[in-house]
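K.L.:
Listed below, chain by chain, are the residues.
2 protein chains.
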Amino acid sequence: MANCITGGKKRYDDCWLGFSPFVDSTVLENYKKWCSNIVFDEEGETARTACDELVRSLQDMLSIKPAVSCKPSGEHFIVLELINEDSPYIKVDKEEIKQVSFEGFMIKTVNTGREKYIYIAARSGRGLIYGVFKFLYKLVFRSDIENLHIIENPVNPLRMINHWDNMDGSIERGYAGRSLFYEGYELTEDLDRVRYYARLLASVGINGVVINNVNVHYQETRLVADKIHVVKTLADIFRKYGIQTYLSINYASPIQLTGLDTADPLDERVAGWWKQTVDKIYEVIPDFGGFLVKADSENRPGPYTYNRNHAEGANMIARALKPHGGILIWRCFVYNCQQDWRDLSIDRAKAAYENYQYLDGQFMDNVILQIKNGPMDFQVREPVSPLFGAMKYTNQMIELQITQEYTGQQRHLCYLIPMWKEVLDFDTYAKGKGSTVKRVVDGSLFDYKYSGFAGVVNVGRDYNWTGHYLAQANLYGYARLAWNPELSAEKITEEWIKLTYGSDPDVLGTISDMLLKSWRIYENYNAPLGIGWMVNPSYHYGPNPDGYEYSRWGTYHKADHEKIGVDRTVKNGTGFTAQYFKENMEMYESPDTCPDELILFFHRLPYTYRLKSGKTIIQHIYDTHFEGVEQAKELREQWLSLKGKVDGLRFEHVLKRLEEQIEHAREWRDVINSYFYRKTGIPDEKGRKIY
Amino acid sequence: MANCITGGKKRYDDCWLGFSPFVDSTVLENYKKWCSNIVFDEEGETARTACDELVRSLQDMLSIKPAVSCKPSGEHFIVLELINEDSPYIKVDKEEIKQVSFEGFMIKTVNTGREKYIYIAARSGRGLIYGVFKFLYKLVFRSDIENLHIIENPVNPLRMINHWDNMDGSIERGYAGRSLFYEGYELTEDLDRVRYYARLLASVGINGVVINNVNVHYQETRLVADKIHVVKTLADIFRKYGIQTYLSINYASPIQLTGLDTADPLDERVAGWWKQTVDKIYEVIPDFGGFLVKADSENRPGPYTYNRNHAEGANMIARALKPHGGILIWRCFVYNCQQDWRDLSIDRAKAAYENYQYLDGQFMDNVILQIKNGPMDFQVREPVSPLFGAMKYTNQMIELQITQEYTGQQRHLCYLIPMWKEVLDFDTYAKGKGSTVKRVVDGSLFDYKYSGFAGVVNVGRDYNWTGHYLAQANLYGYARLAWNPELSAEKITEEWIKLTYGSDPDVLGTISDMLLKSWRIYENYNAPLGIGWMVNPSYHYGPNPDGYEYSRWGTYHKADHEKIGVDRTVKNGTGFTAQYFKENMEMYESPDTCPDELILFFHRLPYTYRLKSGKTIIQHIYDTHFEGVEQAKELREQWLSLKGKVDGLRFEHVLKRLEEQIEHAREWRDVINSYFYRKTGIPDEKGRKIY
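Protein chains in written order, with my numbering: chain A, 1 to 691; chain B, 1 to 691.
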């Protein structure tokens, strides 16, 4: 399905689905042989999507028109079917086929002597779609298809995308143009683009999408009621691609939408209203996914208004969803956003744990807590939230931010997969060694009923979807990690580059290197050593060392003439470290064992303190900031080396962004270095220019 | 003219024109005797306004219905007439009457034996209005009217109000609700309120109003063309009160409004377009005042785009205005707003002088340069702009900011008259001792053709007009100073209080004291010692010591661990002091003679430097900031003592604002003190709490 072409001009970039025609004739002839006939005889809408995608992409790549029929015609063919023990094509071990889960798939090359076919099978239409794309990618990678033998199941049950789109067409923290879904409080007229978007998401295994901002304003509150037709239209599009639709809701909906004067979860009228509302939604959208809720957070209403805890608050709505199989996703981003900066007794890092951990066991089984990766808010470097693994009896999922709010807003190159890998591989020790975050959120550690990934997406109406062309990799990589967090960053990166830019080894090597080091580069010229928040308030772009220092947001570095950092130890500080299991608690508690990169998050230290690297803190700050700018320049040099090997549009666009990044990295370097130099009076050992 | 009353409720506050009924019977009976008959026989619209105002206010105060006729009926009466040598009522010395200028008036009690009358006379309708209000105020003050003998002429020819209103209804730097003039790109429907506003302005002698923001956006650019009807409607209202209407224009108008691709002032097509446009305006509004221009400033277009200087840029438009008697007011707020903070060679303070001074003598005589009081931008403390007096042959006027952008945004009490008095009394030494700013801007020092005052107004649609009830005093006081800069702050304050709150000595004493000290209080807890700019960027409210430190705006304090301030001396610094005449240059050049309150504006000094007060800079910072909060608390105590003596609505409103001010002064105190304590490590001598 090529994207809509108007007047000879594409309306948007293909991303990783630009299945371009093969020019390498040997492999082409072989693939043609296998792919010209497709056996397909399924009824379901999603299964049909799988078949359509297969046909269309084979056409694009191989310049053939594959025949689709319920019987094979010829010696070589493809079988695409839902798993059925009576099928004549199921030539695999019975035990093996059992390994395919509801969303998984099998791809196997079968040779019966008489017939040779590629068997793509799954238990659901969704699984078929995933299998088809897997197969298509194999072709793009020029794989040997004569001996395929693959079973793949997604590791995480929930692989969700969160949109922070508002119905006026704006996107909170969006850096790639306006909303794909809305404009002027109405549904977009460009549903073709939404269809392509659904295809993009399905092609990497996304199975749920929350279509509106967690900060639910007046118009969006109406989505559960008189604006439900908007939801239905989008749900119909996403369903075709095996994606369930969810809504962010306003906890105070009954107040806004009815005559009720309360949203108290223990008030029967409130519960009754939600039940009725949910029932009506499911009448219109029978496979509706459920709700996402930001309650009692950053001035959003919630159960605390009525002196109810968050289990009481969540369960009331979960109860309404349960008969329909709906789930309630409850965000744990709850903290005091009216903090007096002078009040040293409060530590925002502790908030999520304090608000939720004690409620373990009290939530209904269709409630899932959605927890941001770190205890603060998507900084370039944070420790892992101690809430992961700390609730045995409560479903948990992880929230990652694909949109680069604090990581360069898609103007800087900052590939987030390496960061997310570190988070997912972090051992919580919740059930002893090996209790990694990825095992918490895939549900295996505590056998959660629901769990998985939520990613705040980075797309908008820009031609290239993500503002920065290379930021497409963050969307791709997020989905791949949600599918299987064991995949290495290198592997994901290689896949994405090959699908998007082809397999030229220079291109592959160069872009891969650029991506994989980009997060560390960004960190180098950003706030140092895990302290975070040295950004301009509100819009969160550009350096401002004291930007949040005297504010109400609870995010302080407390830098003075001699020291910097927040003591979060049990011994002398806020006691945040106690929220971790013993092994981590002990590691963070002492500066001797706390990793350098987080040392100012956990400790308050003099600028002359020597890091494990052997450098003083102040010299580390100077060095990393000078280095960061040099590295940004290097990124540009590397990209320039690809001139002629990357298409002109992408090449020029990325080059411009990289130049902007260098300029802005200089700004970061000089502001941060000047700030610390002016404050400490300690000169750079190397005598470089500081202002 | 009471303000429109709907359903028994006033729609807006009367401000100082709440002429309430007299209850003191002796004086009432006497005033009634004099005021029941008015002799008036003028034709002009503005003169009729004067008479209407007299009648209506006498009704309100004295509960009478004065008879108006062309002949007196009775022994006592008032004569209201344009000066006419043949008038039977003109019983004054011929030489004396010559002293009345075009905008002045005479009020004289005449006793011919047979007849006793109060003679209010002027050379213009405008003068009559001013005379009437003067007389009415005399009544409010319970003055003896049996021996009046007054001649008053305004000192400044231009007494203007600048509105920063946008046609969408917003006001740039407005803190009192939305625009009085516009909403949704249309003229307001509430023209009654505009009429009351015109009355308010006329009652204190304002004679010109610029009705739109100096930052002229798309819709406002159209005011000179297809939206001229909007201007006409407002001009018709203001004219009735003797006020001329002016427009802010977009220098790039010919580009926006026609097919022209240039706004080059030396391009004949451009000049031709402006001539045509101006001619059309005067067809619709024959007494149109002229234009105000912000060119080449903060991203506004201007002659620099075409490599023309500002004399060339201004004269081209002035030429179009001249045949109609129109004037061109050209703002000198021109500086590099894309400065690299690392570039120490640029000093924004020098910009206005550098851009204009060398052009002296090159401007047409209907061009007036409008100069902000200080060289930066309306900070709580700045030196006087060195441009005043530095251009012998170029008309100059002063721009003051009545709206409290940097001085508490009408949430803090900050009465600006004492500050403006200091500015006006500042001796520039341009023509030797006594060359005060007030003598520059009243035109007397260099015999300017046009000159005077412009004030960026603080009104909006709030019930009380100015956000803070007591901020009404800034509008009143501004106009009074424009009328006569010799008036003392105490005198103006007393007038305003008596007109607004009556003559109770407690009320008078208390409010007067509160107002007169409020600017110093605000300064105490604000940025110290003339350094300025320690505010949150963009909205300019609340403390943020480094808010502008690493920005492009050219406003830096350069505080480091040891020193703070900008060296602007000739000897070691930017050389800004050289822009002053010798006496001031020498005063500012040395820290020994530079006044304490400006010392960090002119000098970079260690925190341990001893001020003339005997205190170190750091201790001065701590002391003033602690003191400022205590003083803010005292303001509240003083106001509380007026309970029952000030009407409830005003009392409660002001009380709330004062409480907010205390809270916010604490924030200022703690942020500024903490900032310096953390930076210097020098403790407060008195051991008070710093964070």
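Since the hints were made in silico from the structure, they are not lab data. There's no promise every hint is true.
The list treats identical chains as one, so a pair stands whether inside a single copy or across any two.
Said to hold, decoys possible - Result set (DSS-like, lysine-lysine): computed pairs, CA atoms no more than 25 Å apart in a straight line:
1. Lys656 / Lys91
2. Lys689 / Lys563
3. Lys517 / Lys558
4. Lys686 / Lys563
5. Lys275 / Lys689
6. Lys232 / Lys280
7. Lys449 / Lys98
8. Lys612 / Lys558
9. Lys240 / Lys138
10. Lys498 / Lys686
11. Lys65 / Lys280
12. Lys350 / Lys240
13. Lys392 / Lys491
14. Lys563 / Lys645
15. Lys350 / Lys656
Since this is a predicted model, take the numbers as computed values, not measurements.
K.L.:
With reference to the structure, classify each hint as holding or not holding.
P.N.:
Hints, one by one, checked against the model:
1. Lys656 / Lys91: neither (54 Å within a copy, 82 Å between copies)
2. Lys689 / Lys563: Close inside one copy (23 Å) and across copies (19 Å); limit 25 Å.
3. Lys517 / Lys558: neither (30 Å within a copy, 35 Å between copies)
4. Lys686 / Lys563: Both. Shortest intra-copy (22 Å) and inter-copy (23 Å) distances satisfy the 25 Å Cα cut-off.
5. Lys275 / Lys689: Intra 65 Å, inter 54 Å, cutoff 25 Å: neither.
6. Lys232 / Lys280: Answer is within; shortest intra-copy Cα gap is 12 Å, inter-copy 56 Å.
7. Lys449 / Lys98: within (20 Å within a copy, 98 Å between copies)
8. Lys612 / Lys558: within (22 Å within a copy, 33 Å between copies)
9. Lys240 / Lys138: So Lys240 and Lys138 pass the 25 Å test inside one copy only (23 Å; across, 83 Å).
10. Lys498 / Lys686: So Lys498 and Lys686 fail the 25 Å test inside a copy (42 Å) and across (68 Å) alike.
11. Lys65 / Lys280: Neither, since 44 Å and 70 Å both go past 25 Å.
12. Lys350 / Lys240: Answer is neither; intra-copy 42 Å and inter-copy 66 Å both fail.
13. Lys392 / Lys491: neither (32 Å within a copy, 75 Å between copies)
14. Lys563 / Lys645: For Lys563 and Lys645, the Cα distance exceeds 25 Å both inside one copy (49 Å) and across copies (54 Å).
15. Lys350 / Lys656: Neither: 41 Å inside a chain and 35 Å across chains, both beyond 25 Å.
Of the hints listed earlier, those the structure fails to meet are numbers 1, 3, 5, 10, 11, 12, 13, 14, 15, in rising order.
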